[in-house]
Each structure stands twice: as structure tokens, then as C-alpha cells.
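Produce the complete structure using the sequences and hints provided.
These are the residues of each chain, in order.
Protein chains: 2
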Amino acid sequence: MVGRVRRDERVSATREALLSAAERLFAEHGVHAVANRQISEAAGQGNNAAVSYHFGTKVDLVRAIARRHAEAIEVGRLRMLAEIGDSADLRDWVACAVRPVTGYLEALGTPSWYARFIAQVTDDPALRAVTAEEFAAGAPSMRKLQDGLNRCLPDLPAEVHAERAAMTRHLITQMVADRERALADNAPTFRASWGEAANGLIDAIAALWEAPVTREG
Amino acid sequence: MVGRVRRDERVSATREALLSAAERLFAEHGVHAVANRQISEAAGQGNNAAVSYHFGTKVDLVRAIARRHAEAIEVGRLRMLAEIGDSADLRDWVACAVRPVTGYLEALGTPSWYARFIAQVTDDPALRAVTAEEFAAGAPSMRKLQDGLNRCLPDLPAEVHAERAAMTRHLITQMVADRERALADNAPTFRASWGEAANGLIDAIAALWEAPVTREG
Numbered sequence: 001m002v003g004r005v006r007r008d009e010r011v012s013a014t015r016e017a018l019l020s021a022a023e024r025l026f027a028e029h030g031v032h033a034v035a036n037r038q039i040s041e042a043a044g045q046g047n048n049a050a051v052s053y054h055f056g057t058k059v060d061l062v063r064a065i066a067r068r069h070a071e072a073i074e075v076g077r078l079r080m081l082a083e084i085g086d087s088a089d090l091r092d093w094v095a096c097a098v099r100p101v102t103g104y105l106e107a108l109g110t111p112s113w114y115a116r117f118i119a120q121v122t123d124d125p126a127l128r129a130v131t132a133e134e135f136a137a138g139a140p141s142m143r144k145l146q147d148g149l150n151r152c153l154p155d156l157p158a159e160v161h162a163e164r165a166a167m168t169r170h171l172i173t174q175m176v177a178d179r180e181r182a183l184a185d186n187a188p189t190f191r192a193s194w195g196e197a198a199n200g201l202i203d204a205i206a207a208l209w210e211a212p213v214t215r216e217g
Numbered sequence: 001m002v003g004r005v006r007r008d009e010r011v012s013a014t015r016e017a018l019l020s021a022a023e024r025l026f027a028e029h030g031v032h033a034v035a036n037r038q039i040s041e042a043a044g045q046g047n048n049a050a051v052s053y054h055f056g057t058k059v060d061l062v063r064a065i066a067r068r069h070a071e072a073i074e075v076g077r078l079r080m081l082a083e084i085g086d087s088a089d090l091r092d093w094v095a096c097a098v099r100p101v102t103g104y105l106e107a108l109g110t111p112s113w114y115a116r117f118i119a120q121v122t123d124d125p126a127l128r129a130v131t132a133e134e135f136a137a138g139a140p141s142m143r144k145l146q147d148g149l150n151r152c153l154p155d156l157p158a159e160v161h162a163e164r165a166a167m168t169r170h171l172i173t174q175m176v177a178d179r180e181r182a183l184a185d186n187a188p189t190f191r192a193s194w195g196e197a198a199n200g201l202i203d204a205i206a207a208l209w210e211a212p213v214t215r216e217g
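Respectively, the protein sequence lines represent chains G and V.
As numbered in the UniProt record's numbering, residues 1 to 217 make up the first sequence, in order.
As numbered in the UniProt record's numbering, residues 1 to 217 make up the second sequence, in order.
Watch out, some of these pointers could steer you wrong.
[Said to hold, decoys possible] Computed footprint of chain G on chain V; a stretch qualifies when at least three of its residues, placed anywhere within it, have a C-beta under 8 Å from a C-beta of chain G: (1) 65-73; (2) 123-135; (3) 163-175.
[Claimed, not checked] FRET-style restraints, in silico, Cβ to Cβ: (4) V:D89 x G:A162: 25 to 31 Å; (5) G:S87 x V:T214: 15 to 21 Å; (6) V:A139 x G:R10: 51 to 57 Å; (7) G:P188 x V:H29: 34 to 40 Å; (8) V:A187 x G:E216: 24 to 30 Å; (9) V:R15 x G:S12: 51 to 57 Å; (10) G:P188 x V:A184: 36 to 42 Å; (11) V:H29 x G:P157: 33 to 39 Å; (12) V:R128 x G:V5: 44 to 50 Å; (13) G:A182 x V:P212: 30 to 36 Å; (14) V:A184 x G:G3: 50 to 56 Å.
[Stated by the list, open to error] Chain G residues, not near chain V, derived (Cβ > 12 Å throughout): (15) V34; (16) G46; (17) G56; (18) E74; (19) M80; (20) L108; (21) D147.
Because the hints were derived from the structure by calculation, they are not lab data.
Note that the Cβ used here is the ideal one computed from N, Cα and C, for glycine as well.
Right under this line is the structure:
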């Protein structure tokens, strides 16, 4: 019994080491540019087959990395949404889209790799299905958020609502990846802190939701 | 002399075939997932070394693909900017950021591959320097555009101006890639035409430039 617990702990530590090494290498060099062998080496695993043994294919590995972050962000978002009252305005709802992400990255510290990793995955033809799945995993909070936005903007046509939801997602994904990269490279950033960066995103995103809808053209 | 012209034409046709095949394969499968051999085959070149002979490394090939589109878009943008008068408002300047891109993609027809290709390149650690170079190639129109935005928003702090310029770039890049993918896959789109998609982007981007700047946290 004690032997099995120790073995489970060892397996779990190995998996964590592989996930962390993979995430860092993917963010810095690109998901497709990194071989499983390099991940095993960076994780201190003598066995080159460690990645496929623990995770299967590269897509499975990407999914495992995405999942552990998505779950943590979802927990934070549900907590923030639970605190939101009936008097919440558009800006409060938008904050629930932005701050769970910026707060999570702040907590990870510098350098982090997740934001660059996920931005890459989003635009990759072979990997983007993974983010769609992770997006589905965040469905409980997203549904609540969409309902809140709908209540603030009851007259927005459904297809424009969907379009602006996509814009919101892209702005958050890309801007936090830029900031993470700048921090890792010790390059200048637009804002002094993740909290300030969140302000910038919330200002922009709240404004785009409230923009008039032009039809002619 | 005639012989040399014919040879130059043949070389030029081969280069064009390789560029088109590479762009399509990169957009559909991912830049790193595609081997030079596959590009040569898809371009009808018997010689597997055709890509390296004509373009050098994969980064050089990516640069060549990006350049031919960036130059065409720059021509369109400079033409649009030349027509803009002293009475231009924020929306007119934002239109000069958006419509040269959406108009170019409309002219390419469906399916096109450029938008998905460039979105991938933007988020790839090994390739993103290429877009930075292409961005520099578009500097003449960008400078004029930034000046126009500055005149409309004289009180916007410089770092917020830079932040919103980055947001503008990301929104255009990502939303046109989404639309191109949906059209290629015969999937639903938010808007019925590229012109309508441009309206949606201009509405959102003009609003985010005019958003108030929140400082407290």
C-alpha cells in the first residue's frame, strides 16, 4: 500500500516535470519545433519515450498542458462571478472575462509560458481543436458571463454578440501573450502591472461591446 | 536573349507555384507540419530540393509569402490614405487600417489561405520576427495612419496609444483569419460579406480607441 502510494507520487511528479518542461519549450521554440526527446531531457528523464508513455501523442500533451491552466482559471472565474450582484454593469461582466486570466498569470510569476503557449495553439491548424475543447470545459462560467452581457445589451443582434465574443477572446489571448513575452524578454510593456494591463483590456473590451452596429457600407 | 527571357519566365513561374503551394499547405496543416518535399510535390516540381534552391530556409520561404501580400496591401492602403481629406474622423482612419485587408482578401476569393497563414506566423516564436519585418515594410502607410489617429485623439497617453495600436492589429489579424477559415470550411460566418465584416471591425476598433482610460486598479 505504502509502495503503491510512493509509486503514484513518483509518476505524478514525473508527469508534472514533463508538462512544465514541454510548456516552456513550446512557448520559447514553438510546439512543432520541439521533439519529445528534448522534453524528456529538459525534464530530467533518461527515457526518451517518457512523453509518449505518460501522455500519448503531442496533441494529447498539448491538451494536458492547456487543461491544467484552464481548470484553474475556470475556478477563479466562477468565484468572481459568484460575487457579482444584480446591479452589475457591462464593465463588471467584462472584468470577469479579463481578470481571472491576468490574475492567474500574475500569480504564475515571471517568466511564465502559458500565455504564449495558448496563443500559438489557437492559431495552429492541427492544435486549435484542443482550445475549442478547453473552451467547452469553461462553459459553466462562459454561459453565466454571456447571460450577463445579454442583460446589459438586450438589443444587440445575436450574430454581432457572437462576433464581439470572438473579439473579446482574441484580444485577451493575444494581449496577455504579448505582455508575457515582453516580461520574459525584459522588454518594455504598455502597463506597469498585470492589474493595469487588465484595466487597459477592460476599457477596450467594454467599449467595443457598446459600439453602435453599422449596417450600410 | 530570347532564351534568357524564357528561362527567367520559367523560374518565375516555378517560384510562384512553390509560393502558392506552400501558402496553402501552411494554412491548412501548419508551417512546421509541412516538409519542403510536400511543397515541391504539390507545386508539381519533381525536384525535392526546389524549395531550398529557390528560397533558402523555411523562414526565407515564409518571408517571401508574407512579402507578396504585404506589398499589395500596402499599395491599397496608401491609395486609400491618399484620398482621405482634412475632415477625416476617427472612423475614417480606422477604415484605412481595416478595409485594405478585408478588400484584399475579398479580391483573392474563396478559398484563400493568406489570413490563416499570417495569423499562425504572428504567434510562432520562430517566425514572428518575419511579420515584424513585413510590418516595417508597411511603415509609410502606418506612420500616416498613426498621425491621423493622433490628431483625432490628442490627449491619449503614448503608451495607451501603442497598446490600442497592438489591439487593432490583433483584432484585424485574428478576425479575418477566423472568417477565411469559416469560408473555406463552408461554416457559418458572423457577417454576409467581407464589407460587412469590415463594418464590424471598424465599429469595434473605433470604439476601443475612444474608450476612457482607467487608471485605478
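To see whether the hints hold, each was checked on the structure:
no. : hint                        : verdict
1   : 65-73                       : violated (count 0)
2   : 123-135                     : holds (count 5)
3   : 163-175                     : holds (count 8)
4   : V:D89 x G:A162: 25 to 31 Å  : holds (28 Å)
5   : G:S87 x V:T214: 15 to 21 Å  : holds (19 Å)
6   : V:A139 x G:R10: 51 to 57 Å  : holds (55 Å)
7   : G:P188 x V:H29: 34 to 40 Å  : holds (36 Å)
8   : V:A187 x G:E216: 24 to 30 Å : holds (26 Å)
9   : V:R15 x G:S12: 51 to 57 Å   : holds (53 Å)
10  : G:P188 x V:A184: 36 to 42 Å : holds (38 Å)
11  : V:H29 x G:P157: 33 to 39 Å  : holds (35 Å)
12  : V:R128 x G:V5: 44 to 50 Å   : holds (45 Å)
13  : G:A182 x V:P212: 30 to 36 Å : violated (24 Å)
14  : V:A184 x G:G3: 50 to 56 Å   : holds (55 Å)
15  : V34                         : violated (10 Å)
16  : G46                         : holds (27 Å)
17  : G56                         : holds (18 Å)
18  : E74                         : holds (22 Å)
19  : M80                         : holds (15 Å)
20  : L108                        : holds (18 Å)
21  : D147                        : holds (20 Å)
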